[in-house]
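With the sequences and hints as input, model every part of the structure.
Here are the chains, one letter per residue:
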Amino acid sequence: MQGNAAVDARILQEFRAIVGQQGLISSPEDLHTYECDGLTNFRVLPLAVLLPTNTQQVQSIVRLCHVHCIPFVARGSGTGLSGGALPVENGVVISLARMNRILEVDLPNARVTVEPGVINLDVTGRVQPHGFFYAPDPSSQSVCSIGGNVAENSGGAHCLKYGFTTTHVLGLEVVLPDGSLVHLGGKCLDTPGYDLAGVFVGSEGTLGIATKIILRIVKRPECTRTLLAAFPGTNEASAAVSDIIAAGMLPAAIEMMDNLAIQAAEAAVHANYPDCGALLLVELDGPIAEVEALMSHVDELCRKNGAWEIRVAQSDSQRALVWKGRKAAFAAMGRISPNYIVQDGVIPRTALPQLMNEIAHLSRETGLRVANVFHAGDGNLHPLVLYDRHIPGQEKAAEALSFQILQLCLAAGGSITGEHGVGEEKKCMMPKMFSEPDLATMQRVRAAFDPLQLCNPTKVFPTPRLCGEKPGEYVPHPLESTGLAERF
Amino acid sequence: MPPTSSLEQQLAALVGSQAMRLATSADNVSGIQPQFVVAPESDQQLAAALTFANESGLAVIPCGGATKLDWGNPPKRADLVLSTARLDRILEHVWADLTVTVEAGCTLQSLQQMLAQHGQRLALDALWPARATIGGVLSTNDSGVLRIRFGALRDLLIGITLALPDGTLARSGGKVVKNVAGYDLPKLATGALGTLGIITCAVFRLHPLPRTTSAVTCSTNRLSDASHLLAALLDSTLAYSAVQVRVPAFDPPEFFVDVLFEGTEQGIANQIGHLQSLASSATVLEADHHVWNARESLHSQYLTDPSSSVLLKMSTCPSDALAAIATLTDLAKSRASCSAVLQATGLGTILLRGARNELHHVAKAFREKLQSSGGSLVALGNSILDADFDAWGSTGDALPLMRAIKTQLDPQNILNPGRFVGGI
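Going down the list, the sequences are from chains A and B.
In case it helps, my numbering puts the first sequence at residues 1 to 488.
In case it helps, my numbering puts the second sequence at residues 489 to 912.
Source of the hints: derived by calculation from the structure; they are not laboratory data.
For each residue, glycine too, the CB sits at the ideal point set by N, CA and C.
Any given hint could be a false lead.
As the list claims (entries may be wrong) - Here chain A is said to cover these stretches of chain B; the calculated rule only asks that three of the stretch's residues, wherever they fall, bring their Cβ under 8 Å from a Cβ of chain A: (1) 495 to 508; (2) 516 to 522; (3) 611 to 624; (4) 637 to 649; (5) 663 to 675; (6) 708 to 718; (7) 741 to 754.
Below you can see the structure in the form of structure tokens.
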């Protein structure tokens, strides 16, 4: 059930009374900033944007929405890549950007309590002097918010060893869609009852709004070693990954980039990568003696699989440069193509060579180039379908190709999304991954949280509207056009 | 309720007469006597039996290895024990991807033995692995000391199939470790004591078996030394796989801090050296491999004499764990004897022995103390439960939401009615 109340002047006044004049955006020119998130080909103008500064304000806003049946969408930094923060027709956006305080740092218990607007990297920044870090590290971590990370169960390159956001969220204070406040999980493990914190993380803002999050932080390991290996192609690099896993090693990260991605990264940030068919970035961390013993084995396995150049980063700055190229990969695409679509499929690692061949085949068939960047350790692909929107038909072809790749991922036993979320973009793919009874069961859980369906109501699950009804070409986000923001 | 013989015939028609029997006193669940025990051979049969129970108003007790049927509150009703014993197959072990798909009735030991053939394991040390089934381990969220390095069941589980009372076999998660499509219902089912659905199948992420292992025990009879060592371990960069503190006696106290290392020989030797420098005021010796059975041993001691014992699961912040033991020592003085096995995560297993009314008094007071600082105390076993002290304690303000989820998935409340928090 969608909200059907127009946000008339009286309701705007009530919102204004909650958040103050500075906390309400209602003029059309200002609302454009919030009409999309990082997925710019879907745009909806919200009726208003609220910027609360504390939990009580969030509750009051949500209560008002509940009373007047106004759908609402929570928004963090707006960097999401699946349209999770895309406003809903006739709805409001509740931005958590002003709730950005780190509330408590409890080092003996390795916990930090934050408000949802805190930036991911700032958590590490706060605890780094004490030898800790916050493990989930999406490439957008210098701008994305913890609240957004919670919504998407964000990952990053180090998921293989350290897990995802859900691994590191111990508890949440949540405003439910009727405005009531609940506490899920807590500071101590195994709170009696259902693991509702576990259900909430990754629910893409459809079950409520997190207003406080208790995060787990991790002790920085004694040493970190990063190895870069150049291979003739992705098949050889994949075989090296398989051998590393088969040898019983669990690196902190294993990343792969193909030649097109390497070219783009070089053009953008000059990471000085070798010019090769495929690059592997393997990072091991832990006690020094352990890491050094394992690293020599990794070196052996890479050479055995045809690596013709191997470098090991000798310092923090060298390591940062190695990662700079990988983390800038998406943004770097702009150097080699006017437009691109990035996807986020996951496959079993063993299916990587087959998928690469299939993607290469599709690329040849369509005439569209596809650059590939993957979290090779956990099978999370980021194929970047390159196109030029000024060439008629290319954008539609690129969209179709990106969804075909997701179909291939499903056929290989994988998932349609490893970290970006389903959001608006991929909800039409949900019935291809899950059966109707599976989706119906999830909807029943959703109904327990949000019986009126006001909380980000159109996301994740397919709506009766035809998927792809609103095709979009990539248009720079208003903040990009003004030079205030960069695409990740 | 329809007459018993008619029920019997209908159940036999669903699962075959060889898959069902009349319950005996041995099938008693915390004092409640069921009528039937049914062991379907497939998940579709299980779903059909569950639907039948739902339509007939029968209360269902899901059962794996029957090792933890006395956990939680006694059921309000129990008509049908629905066993997963025949759903015991390992469906797929993709060793190169470090994942396994296994039916819920497979024992943990059977699974581990099969995985070991490819040098892998489910990084979990649950109780009674030869008898406990995957479904039961998940439903009770039973994990041990490996949790500090490898995570809890919620972190190892990547996909699940749940049989719901309306006959739905609902899948969520998937077969790949990294997957954020849809709601994380595997986490909802973990620790839910079968009250939302019966787990029929699970997909886990695996870890390699360690190349080498070595363990040490640091012993002291001073609480302050044990506390300092524990804090130093947590603050260090040591890559241990397990840390536990055994407190076999409280008064006078003895503390044994056991630390497990896994990895390469060089790595381990180095780390043990580092540990020795941290444990300067304790005696450090090679650990006997039996120390890792300490938690199970407490459970076994409880089961030999539940009438004068209580087995408790404590959760507190790691930095408060030993202080909590000091608190318990005071509360239990002259009322009960105590022994405990604590994990570095702040979880602990505590065995109290004494007269029932004294145990009740101590457990209730200890629960109040723990809850006041955000912790919890759960009774595992029903020896002292009553209206004043249920198995779980407080669930805080999320109970109405939990009830709403229960109502959505089990509207007739046939699954383990009354056994869970808040009488769910």
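Structure-based check of all given hints:
As drawn, the stretch 495 to 508 of chain B meets chain A at 0 residues by the rule of a beta-carbon pair under 8 Å; below three, the given contact is violated. For the stretch 516 to 522 of chain B, the stated coverage by chain A is not satisfied: 0 residues place a CB nearer than 8 Å to a CB of that chain, which falls below the threshold of 3. Counting residues of the stretch 611 to 624 of chain B whose C-beta sits closer than 8 Å to any C-beta of chain A gives 0, which falls short of three, so the coverage hint is violated. Restraint check on the stretch 637 to 649 of chain B versus chain A: 4 residues with Cβ-Cβ distances below 8 Å, three needed, restraint holds.
Coverage of a stretch by a chain is defined here by at least three residues with a beta carbon nearer than 8 Å to that chain's beta carbons; for the stretch 663 to 675 of chain B and chain A the count is 12, and the condition holds. Coverage of the stretch 708 to 718 of chain B by chain A is violated [criterion: at least 3 residues with CB-CB distance below 8 Å; count 0]. Requiring three or more residues with a Cβ within less than 8 Å of a Cβ of chain A, the coverage given for the stretch 741 to 754 of chain B holds, as 3 such residues are present.
Taken one by one, the earlier hints fail for this structure at numbers 1, 2, 3, 6, listed in ascending order.
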